[in-house]
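J.: Sequence:
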Amino acid sequence: QTVDGALAVPFVLAPGEKRTVSFVLAWHFPNVQPPLAHRGNMYCNWWPDALAVARDVAARFSELSAQTHLYNQTLYATNLPYWLLDRISSQVAILSSMTCCWGRDGFFYAWEGCSSGSGCCDGNATHVWGYAQAHARLFPAVGRAMRDADADHVTPEGMLPVRFALPFPAFDGQCAFIMSAYREHLVSADGKWLARRWPTVKRAMDYTIARWDAANTPSGVEHSLGGVPDGMLSGPQHAMDGDQGGTCSWLGSMYLGALAVAAQLATVQGDSASAARYREILAAGRKHQDKALFNGEYYIQVPDPTPRQDYLTGCYIDQLLGQWWALQIGCGWLYPPEHVRSAMAALFKYNFHPDFKGFTQAPRKFCADADAGLQQGTWPKGGKPNPPHVLLYTDEIMSGFEYAAAGLMIYAGLTKEAFTVLRAAADRYDGRLRTGLSDAKFNGVDIACWGYSGNPFGDDECGKFYARAMSIWSILLACQGFTYDGPAGLIGFAPLWKPEDHVSFFTAAVGWGLFRQKREGQTQNETVEIKCGRLGVQSLVFEVPPHAKVSDVVVVVAGKKAEYTFKQDQCRVTVVLAAMTTLNRGELAAVQLRY
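22 is the number of the first residue of the sequence shown in my numbering; add one for each residue after it.
These are calculated hints, taken from the structure and not from any lab test.
Hints are not guaranteed to be accurate.
[As the list claims (entries may be wrong)] SDA-like, lysine to any residue: derived pairs with alpha carbons at most 20 Å apart:
1) K405 / A367
2) K308 / R298
3) K312 / R300
4) K570 / T544
5) K588 / Q613
6) K437 / A367
7) K223 / H174
8) K552 / R606
9) K570 / Q589
[Claimed, not checked] Pairwise CB distance ranges, derived in the manner of DEER restraints:
10) E84 / D107: 25 to 31 Å
11) R125 / E178: 30 to 36 Å
12) E521 / Q88: 30 to 36 Å
Bear in mind the structure is a predicted one, so any value in this text is a computation, not a measurement.
Built from N, CA and C at the ideal position, the CB exists for glycine as well.
Start from the sequences and build out the full structure, keeping to the hints where you can.
T.: Shown next as structure tokens:
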């Protein structure tokens, strides 16, 4: 039943006078009971009841209001289009939905999505949260809490369950755990968290190699490493709610990304033997996968002899998911950049539809017939497997996958194509009421609650406020060419969006701020300004135009000229300060490059 209520504050206004009245709506649920016996919300540690929340807000209203507006103003100072900033920022609402529960004991429990006041598809699903980026970039402690929860469920052999209560892994989720651990290290202020979690991450990497890349597997590629793993996968690999087989670039690139990360982490931890092993397998995998899987236009799958839920010659939306991951965390190109660009251009060519009139979206519908979107999978050269031996959901359109694909398009230099995909999703989730689009069934179950809503604050998939949609934060990272290593004090930008006059919001381990780059004639000016918190910095990395040779550098940190050295490697310029320096709120580092 609905109970109506009213609050009133009487006052009198004289002619020309104005007054603002503020109300605080507070709540407090101390006994929420998510699965796995983690009782209560984290905020119970900070406030005993809703009245205490209201009193705290009243006492600190000016401070809280100022910080909230500062975040909004800083984010929207970014000179990306407003509609895209709306899309990037709105998906952060997922964190305050029923999709997420931060337990009183610190355990961060997450569903895939939510509907009708409860979670949908439980267990911190690794194959879904492996796409999400916003939570870990905006709130690094949340990212580390999720990795801690994962690590505590890794078996002694190194297997991470796809969901906490299930006894088997998702291959993409297993690799995403490893890459996420590196991200969580990069957005930390020091290396303490990594030192504690490295043994578990290493165990997970070694398990992945042993289970899916054993020596002399039937990869169909001649082995060149004398009986050691060759970087080509075999056997069933659970992903997308089914099992694929053989090697596909989707899971293969995730494997290469995990190897690249494991090598980096092993080096940081002084484990040179493991680092060398991972790099050897990575080198073999890069060579063999590109040779076997690139068909001259895009990347495909080389299956096992036993048919599974495959996509074979299909042009698949996630065909380079690991490459998308690797570029966000500074691991570079896993495949030749020109092949990646070709593959993403092919994805746009074959999978993007200006509308879906006459097309059957199955088994679920997340796009109105008149709307545009990027289809999961197509077979432009034929060869689509027959059910049940075909990858699930290839006839669906889901935004979380679109955002990841668009992010890689930007990295590959296909900004126009990326923005076309992103604008299509923005137009679908523009707040207009959609009706009559969710009358489908999935595995015999009525999934009306999973249908398409158009709600701009939480995209739809398996439930509302779906976690995968937080992949859109990668668009900001790609547009600004962001590089960050908190423990090393390194921050860098190589803008792909308007490099001549670029402005963008950035986050760090314990602070956030605004970056500006301006090119005029033979001069390039960079400013890194801290708006909230602080930033430890020793190395600043930027990119100059092709063929520009830097002849002079001027560095001012917190209003004072700084001692530094610099080096240039092609377009990349690295400025190294004489010592680690902390920038506090309102302070900035200004670097002028002359060439």
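J.: When you check the alpha-carbon spacing of K570 and T544, does it fall within 20 Å?
T.: Between K570 and T544 the Cα gap is close to 11 Å, so the pair holds against 20 Å.
J.: Are the Cα atoms of K308 and R298 separated by 20 Å or less?
T.: holds, 16 Å
J.: Can the restraint linking K588 and Q613 be considered satisfied, given a maximum Cα separation of 20 Å?
T.: Roughly 14 Å separates the two Cα atoms, so the pair holds.
J.: State, for the Cβ atoms of E521 and Q88, whether the hinted interval 30 to 36 Å holds or is violated.
T.: Holds, since E521 and Q88 (Cβ atoms, about 32 Å apart) stay within the stated range.
J.: K570 and Q589: Cα distance at most 20 Å?
T.: Given that 20 Å is the threshold and the Cα spacing comes to 8 Å, the pair holds.
J.: Does the alpha-carbon distance linking K312 and R300 stay inside the 20 Å limit?
T.: holds, 18 Å
J.: Is it true that the CA of K405 sits at most 20 Å from the CA of A367?
T.: holds, 17 Å
J.: For the pair we were handed, K223 and H174, check the Cα-Cα distance against 20 Å.
T.: With a Cα-Cα distance of about 14 Å, the restraint between K223 and H174 holds, given a limit of 20 Å.
J.: Taking the beta carbons of E84 and D107, is their distance inside 25 to 31 Å?
T.: Roughly 26 Å apart at Cβ, these two residues keep to the hinted range, so it holds.
J.: With 30 to 36 Å as the target window, see if R125 and E178 comply at their CB atoms.
T.: holds, 31 Å
J.: Has the given pair, K437 with A367, been kept, meaning a C-alpha gap of at most 20 Å?
T.: Cα-Cα ~14 Å, so holds.
J.: Is the straight-line distance between the alpha-carbon of K552 and that of R606 20 Å or less?
T.: holds, 5 Å
When the structure is compared with the earlier hints, no violation turns up for any of them.
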